[in-house]
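Protein chains: 2
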Amino acid sequence: MKSSLIRELVASTKSIPDLISFAGGFPAPATFPKHILSELYLNVVNEDGYEVLQYGASEGDIQLKNELIKWEGYKELTTQKMLITSGATNGIFYFAKALVDPGDVVLCEAPSFLGSLVAFEAIGAETIGIPVQEDGIDLDQLIHTIQSLKRQNKQIKFLYLIPDFQNPSGVTMTLAKRKELIALCIKENIPILEDNPYSRLRFFGKTVPTLYSVCASDFAGAEIVTEIVSFSKILGPGMRLAFVKGSAEIISRMESWQQKITVTPDCVTQRVAALFLNKGFINPHIETICNYYKPFLHKMLSELEIHMPDKVEWTKPEGGIFLWLWLPEKTNADELFALAREQKVAFIPGSKFYPTGQEKFNCLRLNYTFSTETQIEKGIERLGNLLKTLLA
Amino acid sequence: MKSSLIRELVASTKSIPDLISFAGGFPAPATFPKHILSELYLNVVNEDGYEVLQYGASEGDIQLKNELIKWEGYKELTTQKMLITSGATNGIFYFAKALVDPGDVVLCEAPSFLGSLVAFEAIGAETIGIPVQEDGIDLDQLIHTIQSLKRQNKQIKFLYLIPDFQNPSGVTMTLAKRKELIALCIKENIPILEDNPYSRLRFFGKTVPTLYSVCASDFAGAEIVTEIVSFSKILGPGMRLAFVKGSAEIISRMESWQQKITVTPDCVTQRVAALFLNKGFINPHIETICNYYKPFLHKMLSELEIHMPDKVEWTKPEGGIFLWLWLPEKTNADELFALAREQKVAFIPGSKFYPTGQEKFNCLRLNYTFSTETQIEKGIERLGNLLKTLLA
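Residue numbers (numbering that gives the first Met the number 0), protein chains in the order written: chain A, 0 to 391; chain B, 0 to 391.
Some clues are possibly wrong.
Said to hold, decoys possible - From the derived model, a few chain A residues whose C-beta atoms are all more than 12 angstroms from chain B:
id, residue
1, D134
2, S147
3, V213
4, Q342
5, S350
To be verified - Some chain B residues judged to face chain A by a derived CB distance under 7 angstroms, without partners named:
id, residue
6, P28
7, K33
8, K259
9, I260
Stated by the list, open to error - Derived pair list, reagent style DSS-like, types lysine-lysine, alpha-carbon separation capped at 25 angstroms:
id, chain 1, residue 1, chain 2, residue 2
10, A, K387, A, K329
11, B, K359, B, K74
12, B, K153, B, K205
13, A, K377, A, K310
14, A, K278, B, K33
15, B, K176, B, K205
16, A, K74, A, K178
17, B, K178, A, K96
18, A, K278, A, K310
19, A, K33, B, K33
20, A, K387, A, K298
21, A, K33, B, K278
No lab work stands behind these hints, which were simulated from the structure alone.
Glycine included, C-beta positions come from ideal geometry on N, C-alpha and C.
Same shape as in the complex, but just chain A (with noise of 0.2 angstroms):
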């Protein structure tokens, strides 16, 4: 299994003093909002304890829900369309769940975000990868896939999508291409599960409307996007909290494994999280968020002008916390990561993101949020003159 490889990667780097990882998709501690949430913990465990600490109902705690409805202003939503789940993972988890049958097909990105890919994996779904291109997935690649599968007669059941500052390559798609996206998948009865935890994370640039969003303002009634929004860098990933919104049948049948799986996210946290928003403090902590990570973005992407030899290309988000490196074609990134690690820094192999079988080796994954920027420096340097190196 790629996760555990992906295990393995890290805990041969971990007795190693100094290293500078770049291989995590940690948000960084700074981030995390402890002493507004230590209070509101006190508060909800002590005010709402009878209620919280009881057994909450399957789709969700109801105020979170509310709270959420306000905050993304929606006016079409209604808590029936909506399913809190216990991080974005376990959202991913029932909504295969309740679409796929083994050897179903399932079309995503590639590369893609692994916890999905590996979810798909063990529901039993073949899972087909479309590149991204730098504006997002590749369309008529993607268009040239269903026909293929159609005339095999394979049942293709979603596409999973990260269209914000994708994981791994921070590539986010053009609205342009969002809607030919959505059109083409409601013509072809094929729905999208959009997996979004890091469209709010923009540090500069416009923000593009997510696909949920343009389904909603220009196919109205299309309901053919699931979208799950992570709590994970927002708030903090240890609260295990995401937010799912989709057609009324999909939330009910993703209730359903929920009911049978873990009965109920923590009811604690909800409410928690509920009055964060309640009382205000999202909007503002998000912004903080983005003002805390912006200068480490811009200190890679400069760290890589200086130092990448030219033929490294790499992309260059506004936001989110990775981005993705392109080596020349035969140079092998799994290679390249046991030789990095002498010169002790550290990343994660392109390969390790692509469905098994569909590998590309000539890329790599960096995450800055978890480093200085002096480590960034150091780091981004190590990593140039490896590669200088290697290519001369």
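Knowing the structure of chain A, use the given hints to seat chain B on it.
What follows is chain B alone, placed relative to chain A:
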């Protein structure tokens, strides 16, 4: 699905004013240690916030595991043989996922906990119930069933049991039977899943060691028992916490599912539970709960004695939260439910706790931890009068 039938049943009583309900399985909110917990949440997030708001280990918080090992006192137990899960149902699902392929057989007590039956069915198991007697599962019937299944070349993947204050029957398995059962399962190579939400809720009488404990002391090295202990009835179900002890192999396979489905249980809540143990709150708190529930059990037992007609029998548990009524063979508790609702009293018909197709109808479950003593008095009187009329 039986679970939605129960929800419909319960929903059908919701608009009835002054309804007395013995239907739920909820602990009494008065037993939630909310003031202690609120302070612990405050301290944990303030002091360990950078750690507990971050991604945690998929096997669970190491501090919580170490506190649990100290609390339970098993000398051979290591953290590799433990898993923290988001509630017991969650652990039961991972256990079943780790062992069962569609079509495999799972054995259980009949009646048994509905949530588990639903999970086993969802995974595609053929679930076969073995009757529960006054002293626990019917061993002769178990042996007979195992032999018959073996002749049919069926794969029996595990035996699911709630040996203490069983849900729904309230029955506790005797020590002699526990030993016989473990010896049998070792001989037949059938793993046991011991679901233990209630063993510590003993109000009087002598504690019987858990199957896990009997196996560790009398069958050292066998590792045939995996025990799941829920915090739902000793801290609060809203916290969604349970812990699992088993062989390193089964724990590792369960962890792999946890990683795919929930990544990790809520890290804040796990650390709060660790502190609750560390500061010595747990044993006095459990004593408080037992003292709180004891009069309600006494009240229900004495009211049953006063009001039930001769032909009705019931279990006499020494703890837990449920007891079980047997009605004369032709009396159908599903029909009785509708009549009782008119008398403003509710329970769960016993048929809901049997695997599909194996139902008994002349039985029902009563909960006594969510009503006042006056409600118990009035509710049992109403039910008794109804049965007297019906059986006259």
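Results of checking the hints against the structure:
At roughly 31 angstroms, the least C-beta separation between D134(A) and chain B is larger than 12 angstroms, which holds for a residue marked as non-interface. Non-interface status of S147(A) relative to chain B is upheld: no Cβ of that chain comes within 12 angstroms, the nearest being about 29 angstroms off. No Cβ of chain B comes within 12 angstroms of the Cβ of V213(A); the nearest lies about 29 angstroms off, and the non-interface call holds. Non-interface status of Q342(A) relative to chain B is upheld: no Cβ of that chain comes within 12 angstroms, the nearest being about 26 angstroms off.
A cut-off of 12 angstroms between C-beta atoms confirms that S350(A) is not in contact with chain B; the least separation is 20 angstroms. Given hint, P28(B) at the interface with chain A, holds; its Cβ is 4 angstroms from that chain's nearest Cβ, closer than 7 angstroms. Hint status for K33(B) relative to chain A: holds, with the closest Cβ pair at about 3 angstroms, below 7 angstroms. At about 5 angstroms, the closest approach between the beta carbon of K259(B) and any beta carbon in chain A falls short of 7 angstroms, and the interface hint on this residue holds.
The restraint placing I260(B) at the interface with chain A holds, with a minimum CB-CB distance near 5 angstroms, inside the 7 angstroms limit. Note on K387(A) and K329(A): the hinted pairing holds, with a Cα-Cα distance of about 15 angstroms set against a maximum of 25 angstroms. Taken as a hint, the K359(B) and K74(B) pair is broken in the structure, with Cα atoms around 43 angstroms apart against an allowance of 25 angstroms. The hinted pair formed by K153(B) and K205(B) fails the criterion: a straight-line CA distance of about 39 angstroms is larger than 25 angstroms.
For the hint pairing K377(A) with K310(A), the CA-to-CA distance comes to about 21 angstroms; that is within 25 angstroms, so the pair holds. Restraint check: the Cα-Cα separation between K278(A) and K33(B) comes to about 22 angstroms, which is no more than 25 angstroms; the hinted pair holds. For the given pair, K176(B) sits about 16 angstroms from K205(B) by alpha-carbon distance, which is consistent with the 25 angstroms threshold. Pair hint K74(A) plus K178(A) holds up; C-alpha atoms about 20 angstroms apart against a cutoff of 25 angstroms.
Pair hint K178(B) plus K96(A) does not hold up; C-alpha atoms about 40 angstroms apart against a cutoff of 25 angstroms. A threshold of 25 angstroms between alpha carbons decides the hint, and for K278(A) with K310(A) the separation of about 50 angstroms lies outside it, so the pair is violated. Proposed proximity of K33(A) and K33(B) is supported: the alpha carbons are some 20 angstroms apart, at most 25 angstroms. Our distance criterion of 25 angstroms between C-alpha atoms is met by K387(A) and K298(A), whose separation comes to about 20 angstroms.
Distance check on the hinted pair: K33(A) and K278(B) sit about 23 angstroms apart at the alpha-carbon level, within 25 angstroms; holds.
Violated hints, in rising order: 11, 12, 17, 18; the structure is consistent with all others.
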